[in-house]
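Enquirer: Based on the provided sequences and hints, a complete structural model is requested.
Residues per chain are reported as follows:
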Amino acid sequence: MKTKEIEKKANLIRQDIINMLAEAGSGHSAGSLGMADIFATIYFSGIVNHKLKDPDRDRIILSNAHICPAMYSALARSGYFPIQELLTLRKIDSRLQGHPHKGSLPGIESSGGPVAHNSSVAAGMAYVLKLENKPSKVYCLVGDGEQQEGQTWEIAMFAAKYKLNNLIFIMDRNTIQIEGETEEIMPIEPIRDKYRAFNWNVIEIDGHNIKDIIKAIKKAKKSKKPIMIIAKTIPGKGVSFIQGKHAWHGRAPTKEQAKKALKELRNE
Amino acid sequence: MNNIKKSTRDGYGQALVKIGKENKDILVLCADLTNSTRTEEFKKKFPKRFIQTGIAEQNMMGLAAGMALTGKIPFVSSFAVFSPGINWSQLRVSVCQNNANVKIASTHAGLTVGPDGMSHQALEDIAMTRPLPNLIILSPCDAIEAEKATITAVNHKGPVYIRLTRPKTNIITKQETEFTIGKANILKQGKDITIIGHGPILNNCIQAAENLKKQNIDAEIINSHTIKPLDKETIINSAKKTSRVITVEDHQKIGGLGSAVAELLSQDYPVKIKIIGVDDKFGESGQPEELMKKYNIGTESIIQAVNEILK
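Residue numbers (this note's numbering), protein chains in the order written: chain L, 198 to 465; chain F, -19 to 291.
I should point out that these hints are in silico values taken from the structure, not numbers from a laboratory.
Remember, predicted model here, so these are calculated numbers, not experimental data.
Heads up, some of the hints might be wrong.
The calculated BS3-like cross-link candidates involving lysine-lysine, where the alpha carbons are at most 30 Å apart (straight line), are [as the list claims (entries may be wrong)]:
hint: 1; chain 1: L; residue 1: K248; chain 2: F; residue 2: K137
hint: 2; chain 1: F; residue 1: K171; chain 2: L; residue 2: K360
hint: 3; chain 1: L; residue 1: K358; chain 2: F; residue 2: K24
hint: 4; chain 1: L; residue 1: K358; chain 2: F; residue 2: K28
hint: 5; chain 1: L; residue 1: K331; chain 2: F; residue 2: K1
hint: 6; chain 1: L; residue 1: K421; chain 2: F; residue 2: K24
hint: 7; chain 1: F; residue 1: K208; chain 2: L; residue 2: K299
Far from chain F, by Cβ distances over 12 Å, these chain L residues were calculated [claimed, not checked]:
hint: 8; residue: K248
hint: 9; residue: I388
hint: 10; residue: K391
hint: 11; residue: K415
Glycine included, C-beta positions come from ideal geometry on N, C-alpha and C.
Expert: Right, here's the structure in full:
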């Protein structure tokens, strides 16, 4: 798929996120909107094999599990379940849990919630796939606030020791977490140097530039070490009154705000 | 009973080598305690299937979940104070919520850890694991049963926690004794009192029963090697026969087998119950037998409890 078309998909993902969260009445707006371009690239550029029935598929794991609306939308728009079902997010009997659960919803490889938990799961998968010389890569999306969790650095050591070059982490570096700016709450910088010191490769990109994202993933696939793609993103990207505001980390738009947001997104 | 003493962790280590040979999907993870957890033999025999994680129990549990979700049968090995002591959330979310086929084998449970003292004596692990859906909890009483528990855990699809102990203890069961998850074994038939225990402390239950015989008290001893799911049928049938039940364990009174039995009997067949366990205290350094006596979970405490309940 061409860049322009991937951008259109990202816009649709953003619209889905707004619709889903407004309907649910709760959820994480900023992080989900900020990762729309990355999800669109992963699911629609053709450079990641996400065919669920293929045993040699790449695994896509969400360690910052709270941004799952973006992933649900990408999965639905890839044809794995009806787009209509997105509106059941966070409701009783839904397959779309508030944090992803490996149940009946196609495309969820592992249940998550507490940050960093699924990063270890991703590393465990990568270990086995490498042991068995499988072609699959493991893509694991992580948050920046998540870097404050100690388990993260246990994983960083492990992946380097076992040279898990099939493990590709993508960090949503949007600089916010629930209570405010990451650098105020508990600084994670210099995050690039930290991963380099842990013997990972690191690439820094603009997380809203599709060409950049594609280039980085292509490069990551050839890495000889575990790799961290630090994607600089704007939380809430695409919706003026959400964009850049940490207050929107864990908040959903009202129906009125959703109307306004959708209007903005459709005019793009 | 023969005279050879062996620890339940030894039984675990032997079983790993045995099943490792037969089943190439078995992986063993250990966090810098290979010798103590008896995973060393497996490591030597199958180095490619042994994963040294370093002192990082949270990651170890999550890794195992990922490995299980990729078709493997990983064993997570550490001390019970570290696993599930440190990595309970990873056990809860990554293993149990995924219903991942991970086996958690934790050694050095209970006061019988001895000289290492309170920080290393896991008296809370059953209380921590019992409320987790999907998880099976096994507590073998000797090396033979530990071997069977390990092999049976592999045949069960889903997470299993196996509680193991440090000291060498008597062999109670026989090679031919049946071991089925959720099916308790009656070690000795009796009619006056039911004693239910798990783990090597069953040795003390047997000693107590022999002593009680001199007082003309005929005790029934049940080996509840599976703590979850509890064998309701065997326990209720025994309670119907004796009308009095004592539970015995090297664990806190709160949240252990005693709690599980009390939950069952109070609702389904109320009889008099006494729970023997550590009474809301941490342990200390000492020899296993000394500690069991001091913390009122040894043979004498069992005899005393029987006499009290029969009064």
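Enquirer: Hint by hint, which ones does the structure fall short of?
Expert: Those not satisfied come down to hint 2.
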